[in-house]
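Please build the complete structure, drawing on both the sequences and the hints.
As they're listed, the protein sequences go chains A and B.
Residues in the first sequence are numbered consecutively from 1, following this note's numbering.
Residues in the second sequence are numbered consecutively from 1, following this note's numbering.
Hints are supplied without guarantee of correctness; some may be wrong.
The calculated lysine to any residue pairs, modelled on SDA-like cross-linking and capped at a C-alpha distance of 25 Å, are [said to hold, decoys possible]:
1) B:K120 <-> A:R112
2) B:K120 <-> A:Q127
3) B:K108 <-> A:R126
4) B:K143 <-> A:H128
5) B:K108 <-> B:D52
6) B:K143 <-> A:V114
Pair by pair, the computed Cβ-Cβ distance ranges are [stated by the list, open to error]:
7) A:L49 <-> B:P106: 39 to 47 Å
8) A:S153 <-> B:S65: 47 to 55 Å
9) A:F203 <-> B:P202: 41 to 49 Å
10) B:L230 <-> A:E124: 35 to 43 Å
11) B:P168 <-> A:L193: 34 to 42 Å
12) B:P168 <-> A:R47: 25 to 33 Å
13) B:P168 <-> A:G181: 46 to 54 Å
14) A:R214 <-> B:F231: 37 to 45 Å
15) B:P106 <-> A:L60: 50 to 58 Å
16) A:A48 <-> B:P106: 34 to 42 Å
17) A:L49 <-> B:E155: 47 to 55 Å
18) B:G42 <-> A:E39: 16 to 24 Å
Partner residues are not named here, just some residues of chain A that face chain B (Cβ under 7 Å, in silico) [to be verified]:
19) S113
20) V114
21) T120
22) L121
23) G122
24) A123
25) Q127
26) E135
27) Q210
28) E211
The hints are simulated quantities; they were obtained by calculation from the structure and are not laboratory data.
Even for Gly, the Cβ is constructed at its ideal location relative to N, Cα and C.
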Amino acid sequence: MAETVLLDIALLSLLVSGSATALSTAVGVPLGSWLGGREFRGRRVLRALLHALYGLPPVLLGLLLYLMLSRTGPLGALSWLYTPQGMVLAQFLLTLPFVVGLTWNAVGSVDRSVRDTARTLGAEGRQHLWALVREARLGILGAVMVAFGRAISEVGAVILVGGNIQGETEVLTTAIVKETGQGDFAVAVGLGLILLSLSMFVFAALTLVQERER
Amino acid sequence: MGGGADAAAGEPLPDRPVERADGPPPDAKRLAAEQLYVSFDGRNVLDGCSVDVRAGELHVVLGPSGAGKTTLLRTLNMLEEPGAGRVLFDRADVTWRRRQRGLTGPQKEARARCAMVLQKPVVFRRSVLENAAFGLRVRGVPKAAANERARLALERLGIGHLGGRPAPRLSGGEQQRLAFARATVLDLRFLLLDEFTANLDPPNVLALERAARDFAHSRGGGVLLVTHDLFQARRLADRVSLLAGGAIVESAPRDGFFARPADERTRRFLSGEAPL
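Listed below in structure tokens is the structure:
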């Protein structure tokens, strides 16, 4: 496998998983913070449902999205099947429950004395919620890390939605599957090591940020 | 919380507290609890508690553990809902209700003019200076002005040199000085202190007590301090009350309270016995 092809595959992996994580962070952190900052009826049921989605099999999500994005499906007009956009959508949906749920837990776990102190100092509404988010930022960063880890290592959804087309939608995980299927184990292991290195690099950077904030 | 309302309506009220005149003029600005009932798990923690603090005085409420001291401050500061009774800020009813949406005008005014310092120091995960400026920033004070005022407040408490440090890394005493500076940098009228020097070393106790006294006597604010520390009450108080069984049983100027306690429960408490 040529070096430029390898580079393209690695870059596409980062682009797809990074975009999906950024999107699920943009949607999930505000939603999770909002949920964690208040008490409401049905909270436990909603939390249980959200936690159940942690176990959603990627291949099942991929299949459902495949049907929705196919030409005759309800989202067929988007023409996102076998495109990186479709893969981003799949990983976004896969990681969103983690970001929402873990952010909810992080914000909801801020000590009552901290909540009360912010309130007695005059923070109400959005100001109070923002104060809680800042207190919970280490936990929220952890949620983002989990989401990225889930996205970059996932194969079932992107292989169905992306189609694993060389030069267009092939990412590291799907390339490993393809090379293994073709019996080219050395290349598959090499791709695996690249995936591992990328993943470790991103996690090390995020962990450094987390440690600095601690 | 329902039990408090029932108690207020049907059961006999506790004995009227013994109260003797003195201290600030009766028309001074005041924060007051009127016949508060607060119950948790069917037990009345506050059982018809009436107490007030006036501008310019340092009022110490003594009481044994479990007497309802912290609940009293939390209710005065609109963090607990009473089953019955009222909280008054000057003459306005600012009693907080759990079901209300947002704060009323008088409640906003009370929230802006009252602050609380807890027994266990609470600091936010940000720098010392950002902590001290927190209340100013949420009030819309521009960052530069807020930081300058916060810096001066930290200097008054002797921790101005720690402004850039992460607040969670301070010692317990430094954190409590920070909590005090963060509250008193605001344009407050009343300061509620909950055992605010418990577990601190003598220099920190001295610095915080001096700051509390300054707030009342130099800045003209009202301080309501709850504690079980008789020595601190003797050192600081203008007026002392005893809270026992969820109600105030006696209230008097400091010297009279300690020299001539009128209630048997006060005499028992001052002699080191349980008041009830």
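Hint by hint, here is what the structure shows:
For the hint pairing K120 of chain B with R112 of chain A, the CA-to-CA distance comes to about 12 Å; that is within 25 Å, so the pair holds. About 23 Å separates the Cα atoms of K120 of chain B and Q127 of chain A, which keeps this hinted pair within 25 Å; it holds. Between K108 of chain B and R126 of chain A the CA atoms are separated by roughly 15 Å; this keeps the pair inside 25 Å, and the hint holds. For the hint linking K143 of chain B to H128 of chain A, the alpha-carbon distance of about 18 Å falls within 25 Å, and the restraint holds.
For a cut-off of 25 Å, the pair hint linking K108 of chain B to D52 of chain B stands: about 19 Å separates their Cα positions. Of the supplied pair hints, the one linking K143 of chain B and V114 of chain A holds, its CA atoms being roughly 22 Å apart against a limit of 25 Å. For the pair L49 of chain A and P106 of chain B, the supplied restraint of 39 to 47 Å holds, since their beta-carbon distance comes to about 41 Å. In this structure the hint that S153 of chain A and S65 of chain B lie 47 to 55 Å apart at CB holds, the actual value being about 53 Å.
For F203 of chain A and P202 of chain B, the Cβ-Cβ distance of about 47 Å falls inside the hinted range of 41 to 49 Å, so the restraint holds. A C-beta distance of roughly 38 Å is found between L230 of chain B and E124 of chain A, which places it inside the suggested range of 35 to 43 Å. Against the hinted window of 34 to 42 Å, the Cβ-Cβ separation of P168 of chain B and L193 of chain A comes to about 39 Å, which satisfies the hint. Taking the beta carbon of each, P168 of chain B and R47 of chain A are about 28 Å apart, inside 25 to 33 Å as hinted.
Taking the beta carbon of each, P168 of chain B and G181 of chain A are about 52 Å apart, inside 46 to 54 Å as hinted. Remark: the range hint 37 to 45 Å for R214 of chain A to F231 of chain B is upheld by a beta-carbon distance near 39 Å. Here the CB-CB span from P106 of chain B to L60 of chain A is close to 56 Å, well matched to the stated 50 to 58 Å. Between A48 of chain A and P106 of chain B the CB atoms are about 41 Å apart, so this pair conforms to the stated range of 34 to 42 Å.
A C-beta distance of roughly 52 Å is found between L49 of chain A and E155 of chain B, which places it inside the suggested range of 47 to 55 Å. Between G42 of chain B and E39 of chain A the CB atoms are about 21 Å apart, so this pair conforms to the stated range of 16 to 24 Å. Checking S113 of chain A against chain B: minimum C-beta separation of about 5 Å stays under 7 Å; hint holds. Look at V114 of chain A: its Cβ gets to within about 6 Å of chain B, closer than 7 Å, so that hint holds up.
The interface hint given for T120 of chain A is met, as the beta carbon of that residue sits about 5 Å from the closest beta carbon of chain B, less than 7 Å. The interface hint given for L121 of chain A holds, since its Cβ lies 4 Å from the closest Cβ of chain B, which is under the 7 Å cut-off. Annotation: G122 of chain A was flagged as interfacial toward chain B, and the flag holds, the nearest CB pair being 5 Å apart, inside 7 Å. Because the beta carbon of A123 of chain A sits about 5 Å from the nearest beta carbon in chain B, less than 7 Å, this interface hint is met.
Residue-level restraint check for Q127 of chain A holds (minimum Cβ-Cβ distance to chain B is 5 Å; threshold 7 Å). Hint status for E135 of chain A relative to chain B: holds, with the closest Cβ pair at about 6 Å, below 7 Å. Interface restraint check: Q210 of chain A against chain B, minimum CB-CB distance 12 Å, threshold 7 Å, status violated. For E211 of chain A, the shortest C-beta to C-beta distance to chain B is roughly 12 Å, which exceeds 7 Å, and the interface hint is violated.
In this structure, the earlier hints numbered 27 and 28 are contradicted, and the remaining ones agree with it.
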